[in-house]
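*Asks:* Below are the chains, spelled out letter by letter.
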Amino acid sequence: MEAVLFGITAVLALAGGVGVVAARQPVHSALALLLVLLSLAVDYLLLAAQFIAALQVIVYAGAIVVLFVFIIMLLHTRSGEGPRAGAGLPRAGAGVLCGLFGLALLALAAGVRETAPPPAPGFGTIQDVGRALFGRYLLPFEAASALLLIGMVGAVALGKRLRPAGDPSPGRPQAPPAGGPARAR
Amino acid sequence: MSVPAPYYLGLSAVLFTLGMAGVLVRRSALIVFMSVELMLNAVNLTLVTFARLRGAVDGQVLVFFVLVVAAVEVVIGLAIIVDIFRSRDTVDVDDVDLLRG
Numbered sequence: 191m192e193a194v195l196f197g198i199t200a201v202l203a204l205a206g207g208v209g210v211v212a213a214r215q216p217v218h219s220a221l222a223l224l225l226v227l228l229s230l231a232v233d234y235l236l237l238a239a240q241f242i243a244a245l246q247v248i249v250y251a252g253a254i255v256v257l258f259v260f261i262i263m264l265l266h267t268r269s270g271e272g273p274r275a276g277a278g279l280p281r282a283g284a285g286v287l288c289g290l291f292g293l294a295l296l297a298l299a300a301g302v303r304e305t306a307p308p309p310a311p312g313f314g315t316i317q318d319v320g321r322a323l324f325g326r327y328l329l330p331f332e333a334a335s336a337l338l339l340i341g342m343v344g345a346v347a348l349g350k351r352l353r354p355a356g357d358p359s360p361g362r363p364q365a366p367p368a369g370g371p372a373r374a375r
Numbered sequence: 033m034s035v036p037a038p039y040y041l042g043l044s045a046v047l048f049t050l051g052m053a054g055v056l057v058r059r060s061a062l063i064v065f066m067s068v069e070l071m072l073n074a075v076n077l078t079l080v081t082f083a084r085l086r087g088a089v090d091g092q093v094l095v096f097f098v099l100v101v102a103a104v105e106v107v108i109g110l111a112i113i114v115d116i117f118r119s120r121d122t123v124d125v126d127d128v129d130l131l132r133g
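Quick mapping for you: the protein sequence lines, in order, are chains A and B.
Per the numbering used here, residue 191 is the first one in the first sequence, and the count goes up by one each step.
Per the numbering used here, residue 33 is the first one in the second sequence, and the count goes up by one each step.
Worth flagging that the hints you see were computed from the coordinates, not collected in a lab.
You may find that some hints are simply not true.
[Claimed, not checked] Here are some, though not all, of the chain B residues that point toward chain A, as calculated from beta-carbon distances under 10 Å: (1) Val35; (2) Val57; (3) Ser60; (4) Met66; (5) Glu69; (6) Val80; (7) Ala83; (8) Arg84; (9) Gln92; (10) Val104; (11) Ile108; (12) Ile112; (13) Arg118; (14) Leu131; (15) Gly133.
We put the beta carbon where it would ideally sit given N, CA and C, even for glycine.
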């Protein structure tokens, strides 16, 4: 049962991963990412990490993917890629590099101890993780709250750029650069 | 744990590699960003697997912090992408070369 569930989620996660990288439209990438995140949430449940699985669905699938979709909606016309210009890393080179790296990671993974005894009752529940968070990890936890606040302020500051006084145009601050792609209407 | 740990780690390795390929090959900043999220998730899976193997909850706490950092990173990153789009009308990472010497 567990093995079947793992097989299904693994196949879905891999398909989603390929989808994120290969999809032509950003929206399809976002939906593939959602597939990966939900499959991984099931895997977390299999690994006795209930709290993390719930967080994965709420924070990642709920908040982050929605944010991505929202930004894709805002940028809409030009969130794709234009024809390739200039010298970059050739695709074949990137593929070989990634393949070698993945093989090295797989070789490392193959050497790991295979199984573990069943966990203590209550392992991975909110209580368990919460106890660790508010005990040994209290300082990092508080630092995380400060980080979230900084992120919030930063996002507002970036999103609400103050325009110089006397500039009546509420639109974009400057024209697109010469030679840049024209905006498709 | 009826599924051996190396399977989880292998899945994580492949996902990380896919994310890496996305960062290297794709040029839309949005998709590069999603690939980074893919890599973060692969690492999270590794952390949860080892937490289960060791029977210690510390790995899951670390995943919690990764989630927090990922949320902040996405908020700031997307704000920067929107800002670049407003001033330069593109989100192609090859077009944004203000720092090129």
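*Asks:* Hint B:Gly133 vs chain A: min CB-CB distance below 10 Å?
*Replies:* violated, 15 Å
*Asks:* Holds or violated: B:Ile108 as interface residue toward chain A, Cβ cutoff 10 Å?
*Replies:* holds, 5 Å
*Asks:* Can you verify the interface hint for B:Ala83: is its Cβ closer than 10 Å to any Cβ in chain A?
*Replies:* holds, 7 Å
*Asks:* Taking 10 Å as the limit, does the beta-carbon of B:Ile112 come near enough to a beta-carbon in chain A?
*Replies:* holds, 6 Å
*Asks:* Does B:Ser60 hold up as a contact with chain A if the rule is Cβ-Cβ below 10 Å?
*Replies:* At 5 Å from the nearest chain A Cβ, B:Ser60 passes the 10 Å test, so the hint holds.
*Asks:* Any CB of chain A closer than 10 Å to the CB of B:Arg118?
*Replies:* Because about 5 Å separates B:Arg118 from the closest Cβ in chain A, which is inside the 10 Å limit, the hint holds.
*Asks:* Would you settle whether the hint for B:Glu69 is holds or violated, based on the nearest Cβ-Cβ distance to chain A being less than 10 Å?
*Replies:* holds, 6 Å
*Asks:* Holds or violated: is the Cβ of B:Arg84 closer than 10 Å to a Cβ in chain A?
*Replies:* With Cβ-Cβ at 4 Å, under 10 Å, it holds.
*Asks:* Return the status of the interface hint for B:Met66: holds when the least beta-carbon distance to chain A is below 10 Å, violated otherwise.
*Replies:* Because about 5 Å separates B:Met66 from the closest Cβ in chain A, which is inside the 10 Å limit, the hint holds.
*Asks:* So, B:Leu131 near chain A? Judge it on the closest CB pair being under 10 Å.
*Replies:* violated, 15 Å
*Asks:* The hint names B:Gln92 as touching chain A; please verify it with the least Cβ-Cβ distance against 10 Å.
*Replies:* holds, 5 Å
*Asks:* Close enough to count: is the Cβ of B:Val35 nearer than 10 Å to one in chain A?
*Replies:* With a minimum Cβ separation of about 5 Å from chain A (threshold 10 Å), the hint on B:Val35 holds.
When the structure is compared with the earlier hints, violations turn up for hints 14, 15 and for no others.
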